[in-house]
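Enquirer: Each chain, letter by letter, is given below.
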Amino acid sequence: MEEHSPLEQFEIHPIVPISVGGVDISFTNSALWMSIAVVLVYALVMLGSRHASMVPGRLQALVELSYEFIGNMVGSTVGKEGRRYFPFIFTLFMFILFGNALGMIPGSFTYTSHIIVTFTMAIFVVTAVTIIGIVRHGWHFFTFFAPSGCPIYVMPLLVPIEVLSYLIRPISLSVRLFVNMMAGHIMLKTFAGFIVALGAFYVVPAIAPLALTVGLSGLELAIAFLQAYVFTVLTCIYLHDCIHLH
Amino acid sequence: MARQEGSPDFKDFDERLRRLREDARLPQDEQAEERAKPSIGGAGVQVGVELVAGVIGGALIGYWLDRWFDTWPVLFLIFFFLGAAAGMLNAYRYIRRISDVPEERKNR
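So the protein sequences, as listed, match chains A and B. Under the numbering used here, read the first sequence as residues 1 to 246, first letter to last. Under the numbering used here, read the second sequence as residues 1 to 108, first letter to last.
Hints listed in this document are in silico derivations from the structure and should not be mistaken for laboratory results. Keep in mind that a hint or two might mislead.
[Stated by the list, open to error] Which residues of chain B face chain A? A partial, calculated answer using Cβ under 10 Å:
#1 12
#2 88
#3 97
For glycine and all other residues, C-beta sits at the position ideal for the given N, C-alpha and C.
Looking at chain B on its own, in the form it has when it is part of the complex:
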């Protein structure tokens, strides 16, 4: 394999690239803008999936626990609503993430 990492061509690569960019009046880092924000494509679908997954996940876990402890339908009902709440929490976090609002917990 022809690897040229050590070859003199690469030595001042960054410096030359920077100089060329300056001459051409290009931004120093093209990706800086893209990186700032994740895509919000299909945000509606994403939020919907979070909500539905919450209800399904909660109901499934409740159903399994009920079968395990033989307490149908107590745990199923509890976990159904807890799952719905968890789904809303996930959807809420997702929306916050894509709308660039820092989560307040992080500041504490």
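If we strip away everything but chain A, and leave its shape as in the complex, we get:
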């Protein structure tokens, strides 16, 4: 029997090896599943909105549901000014949601379980939000780091803390998503491994880990959605903070 480690699923291996000037830019399984997610999201939205009818069909209802869900989220967290960032936030949500959900297919690859993927998204979000804030408010943006109404002698301590708490945002944003996805998948794989290990000897006790795996799969699907939601809602909150300052 070959070795099956619960961590094996996170291995990245090149499908089409490409090397440009000594830099490895191979098309990997991670890139493959990202492409699949993008194609699926695109197909869903395009097919769902092709025959726009008064009484929506299943596909159209799904597209309208996700559109309204993100639309309401942007409207209630960012406010009116947030409408123009809707396309970006919708894309972000769908990309993460499909990444998480596609990872639930046995044998697939979960790209959101890699810190470098989530960190790239998080640093992009925070950089973009900072630029939006600076463009909108100019130098006034930096009052963001100076809490109003506190004595001047605590400023030397408070300002560095505020700046740090701002710089930490991409870390907490990316770690949250990556930890949730990785831990869930390790847990799922470990319990699924117990089925084989126990079932090889006695069939009856193997039912327990099987039942647990079924339950965990449901839980993981819920987490897949929740984490995509949390990532997008935090993006909206950061956007709100930068547009309105405090």
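For chain A, the structure is supplied; the task is to place chain B on it using the hints.
Expert: Chain B only, in chain A's frame:
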């Protein structure tokens, strides 16, 4: 593409929907309740992540600055504790946000 935004079907759509909802005694806006509060699912994990990210982020920034200015370990130690404080601040804000307490700064 068949888009019907301009078609007469949509003209009085909102009005008809409102009337139908009234007849059926449905709330006017189903999402009003959901919208009020973000989910608190896994709040413990979220707060934990904020705290850990604060310490890690502070330590990393301090370490880089030390390497830059060649002052190891002064800045590392300072930023380690500042990062921990910043993590607590983020965790505190997160808890306030999910428990619907408005931040007092906003009122000033």
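Enquirer: Indicate, hint by hint, whether the structure satisfies it.
Expert: Comparing the hints with the structure gives:
A hinted interface residue such as residue 12 (chain B) counts as satisfied when its beta carbon comes closer than 10 Å to some beta carbon of chain A; here the least separation is about 12 Å, so the hint is violated. Of the supplied interface hints, the one on residue 88 (chain B) holds, with its beta-carbon coming within about 9 Å of a beta-carbon of chain A, less than 10 Å. With a least beta-carbon distance of about 7 Å to chain A, the hint placing residue 97 (chain B) at the interface is held under the 10 Å criterion.
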